[in-house]
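Keeping the supplied structure of chain A fixed, place chain B upon it in accordance with the hints.
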Amino acid sequence: MGHSRQRRIEEIVVHEVALFAALLVVALVQTALLPRPFDVSLNLILLLAVCHGLIAGATSAARWAFYGGLALDLCAMTFAGMHALALLTGVIVSTVLVSRLSRENWLVPILGVAIGAFLYHAVYALLLTLLVAPVDFEGYALAALLPDALIALIPALPLYLVFRWNEDRVRRRVPVDVY
Amino acid sequence: MLRDRPYRLSQPTRRSPLLIILLLLIAAALLSADQAGLLGPLRVHAQTIISPVLGRIQQMGAWIGSFVGRSGSDQALLAELEALRAENADLKARLIQAEALEFENARLREQVRIEQAYPWQLLGADVIARTPDTGRRLVLFAAGTDQGVRPGMAVIAREGSNPPALIGIVEEAGPRTASVLLITDYSSAISAQVYQETDVVRGVIQGQWQRGSRLLLHSVAREAPLAAGNTVLTAGLSAELALSVPRAAVPPNVPIGVVETVQDVGRDRIAAVRPFVDPDRVRYAWVILASDESKK
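Residue numbers (this note's numbering), protein chains in the order written: chain A, 1 to 179; chain B, 1001 to 1296.
Accuracy of the hints is not assured; some may be wrong.
[Unchecked claim] To give an idea of the chain B side of the interface with chain A (calculated C-beta under 7 Å), a few residues:
#1 L1031
#2 P1052
#3 D1133
#4 L1138
#5 A1142
#6 S1187
These are calculated hints, taken from the structure and not from any lab test.
Ideal Cβ placement from N, Cα and C applies to all residues, glycine included.
Okay, chain A solo, but in the shape it has when bound:
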């Protein structure tokens, strides 16, 4: 009993470490490899966390947002937890709000990513104001929030469809005769 519990804990730890490592790779790619059209970077971590959250639920999305945020903090040279807090807020709220809609509705990822990007930037700008220097929110919205949200909307639907397809594929593995 004790042995199986320990094994279960080990499995959870390995799973979480693997998730963090994977998201760190994504953050590195986002930082150094992704092209920046018009000097705007695609927030890959936000996109992945929101799309995953719309399929798997808010709790799982929160884990992705937390690990992804920490990975971004490492790559962005910002205070640890800054991106994590902003991502957690954006991802959880957008997931909870939008997951009420039907999964089949193609507007789900568009709305989810738009709300997520808006909240992410709102919290991030607020943290910058509190911890770094006062932000001109109107200017920030025009220079960072709007272009970031617009560019994130482009791959939102295809990515969501991939997540949904994967979820359906995994579900089909369940043998009916188990029951």
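Leaving out everything else, chain B in the frame of chain A:
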């Protein structure tokens, strides 16, 4: 019959507010701890590990970019070119080496030229990464405390026929890398001056990227003789007053940019300034390690 293969039951979506609250609390705690400086050594270690990886990925990106760019041209010509390259492998290796040396020589010649013209001791290095945030203007510089880089030092670069000009200030320095806050970031504020015939106009140069422009010169007296075309330089006030603050490492008279428009707002006069060097385009820069004003 049960099939002998792994299966997974689809679980209903659960919301565990406890885990979400816990993650939010951990993130907030990390933020507070880091702001209080408790995570400083950990951050330096993490940056030491992450920086080379970022550099490699950046190089890979540049290679992929050049490869993709080439694929659009004449395929037959490329195939012929590849064959020739294969035949001349040794020659190519030497050529690359020579090119690298020539490139490095050009950079060193440029550095010597600047050091002859200005009283600065420079250290050149690559810009290896930029922050992934659209909202910030920070870059990672491939030199750190091991090479003598310290927070507060001025970072300059050169572009086209413009003079070498300030692009940012070292914010944090690890052993082999340093993060540089670009002058265009809204949180960057540096004392600046404009020389007029018999007068010196002083003010603060503030980053304006998040506000849709580049730089703003403010805190200038309304009656100050400021006009479009004036050259804006660093004032080095902290250095002049011998203050023991990081910004004291910024020497005076480092070119910043040119005044484009002047406007009166309340009791102040403000000016939009176009930087000599676009910090976002810089791939190689120099840190001013020391300044010897007596050399002038």
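Hint-by-hint comparison with the structure:
1. L1031: holds, 3 Å
2. P1052: Hint violated; P1052/B Cβ to chain A Cβ min 11 Å, cut 7 Å.
3. D1133: It holds, given that the least Cβ distance between D1133/B and chain A is near 6 Å, below 7 Å.
4. L1138: With a minimum Cβ separation of about 6 Å from chain A (threshold 7 Å), the hint on L1138/B holds.
5. A1142: Violated, about 13 Å.
6. S1187: holds, 3 Å
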